[in-house]
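Starting from the known structure of chain U, fit chain X onto it as the hints suggest.
Protein chains in written order, with my numbering: chain U, 580 to 684; chain X, -10 to 457.
Not close to chain X: a few residues of chain U, all C-beta gaps over 12 angstroms, as computed:
no., residue
1, M580
2, Q585
3, V586
4, D607
5, G608
6, D609
7, K613
8, S618
9, V620
10, G622
11, E624
12, E679
13, L680
Heads up, simulated DSS-like pairs for lysine-lysine below, C-alpha to C-alpha not over 27 angstroms straight-line:
no., chain 1, residue 1, chain 2, residue 2
14, X, K362, U, K593
15, X, K66, X, K188
16, U, K638, X, K287
17, X, K287, U, K644
18, X, K51, U, K593
Just so you know, the hints here were simulated from the structure itself, not pulled from any lab data.
Quick reminder that beta carbons are idealized off the backbone N, C-alpha and C, glycines included.
What follows is each chain in one-letter form.
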Amino acid sequence: MATLGQVCHHIRSKNAGPFWVTIDLFFDGDENFKRYSESPVLGPELFQRLYGADPRLVKRYPVPKLQMVKISYARSNVQGGEVERDMHCGQQFARLLDVELDAKT
Amino acid sequence: MRIETKETFAGPIRILVPTGSLGAGAREDEIRYAMARGVHAIATDAGSTDSGAAYLALGISKNNRGSVKRDLKVLMKAASDARIPLIIGSAGQAGGDANVDWTRDIAIEVAAELGIKPRIAVLYSEIDKASLKARNAFGKVRALPPLGALDNASIDACDHIVAVMGAEPYIEALKAGAEIIIGGRTTDTAVIASYALWKGAPAGPAWHAAKVAECGGQCAVNRLASAGALISIDGDGFEVEPPSLENQCSPHSVSAHMLYENSNPFLLTEPGGTLDVTNADYAALDHRVVRVTGSVWKPDPYTMKLEGAGRGRYQTIMLIGIQDPDVLSRVDEFHDKMLALLYQRARDTVGPEAGDFHISLRMYGWNAVSGDKPPPGTPAPREIGVLFVATADTQEMATQIAKACNPYFFHFPIELDKELPSYGFAFSPADIERGPVYEFKLNHVVEVDDPLELVRTEWIDLTKQERA
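Just chain U, with the same shape it has in the complex:
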């Protein structure tokens, strides 16, 4: 059972302006990219469950040249608001590390 953290050599998250978060999944090798980049596990529901994102505002862009997938979602809390815990969203990637890719959605 592979986790996202095992099949990517680098996963990062960052704010993209005050209202969006963008996550970059750099897959470890072409085989992992081909096998997992289109995985239904990485659909909008995952980002709804992990981050409270509106599934209609989850966007996914595979970049085959870089063997990576970019996924961007609208923040559920405005940057810097009363309950802010991660101003630049740079730690948000951590919740993705243990996501199991071969599991049924």
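For chain X alone, coordinates are given in the frame of chain U:
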């Protein structure tokens, strides 16, 4: 005025981006390297929305005055010696009028110290509330997701609102003979692309080169080894290299930078068009220079993004450290019980005047960043820091709530049959008034007929020792 590629573009145009942000530390050795290569302009942005709304709401810089002055001195001297323009955008972090004036005053001070008298164009793009309401009523403002249609309440909630400029005001200033441009809020790319666009460079490569270089050395292989980036834009594409022989750009480092902080890896929306790099090709010219071709610019109806920041409610914070093993073996239970008690304490002692207050406890060393309860069986931490955050309508009330909670925050026992513990305060006084919360209130664009209609340009002619 619209940007058009001249039929006779002499090219190439070389631009030095000395640092990712004015005040972050331009390096003199890199500037010497770039100058020896022959540079037509120095361009850098000085800000971003990245660090939150406070800088726009308050009109203050994020970078320290001394650091900004130091970078300005190095860059103004280099530009003056080489007789090339120095172009700065998003001055003072947020690019509001106060941020711009702060930067302008430092530049005037530096000019006097260097004994130079450059012609300075100052570009402002702050927009007043009445004018924005009128444009909104006229149907000229469009929402960007996730926000909805703009209403007057959102406009009134802002302390400052800026319209994000494109390249045109910079091009106009260059045409009019500006030696230094200090611009308000502008897209990073427009600041860097403006000179090449003025000289008739093809728009696709000019905008793409600017995007690659906007964070300075971040497009290099060793992202910490270089402060700046050197771009060279020609008729078919552009080249990028670090301004230092010790560092390299690779096709991967350059193409990967397009991903950074962008929600879309292929498209970048700018005032008046979209940069499309879907079919861009990145090739190594040698071990440290990358050539990029295939970047496309697609003109769109001209819009300017609006950024508006305002203050919310006020916060007072306290911090303790805990090493008591009785607490550390039951952090979640401790959190839940203490939080309930603090709410009760605030309601009992402050009463209804406390209003709709909010208390949050962040357990650093356990789950402060996520707020999620760790799974059962997670080993106890060695120690934790507990951040108390009270939010209320006024600073006084937030502090009154914090002071009311202080004894319970300090001594709350997890074991009721033992004597009261005392947790480790780091400061005295224990409570810290943090001021208001600042938020961006707008995520909208405004349509304009002319890229300059929301921009005010002022000229400073130091030869006359007064502002023209």
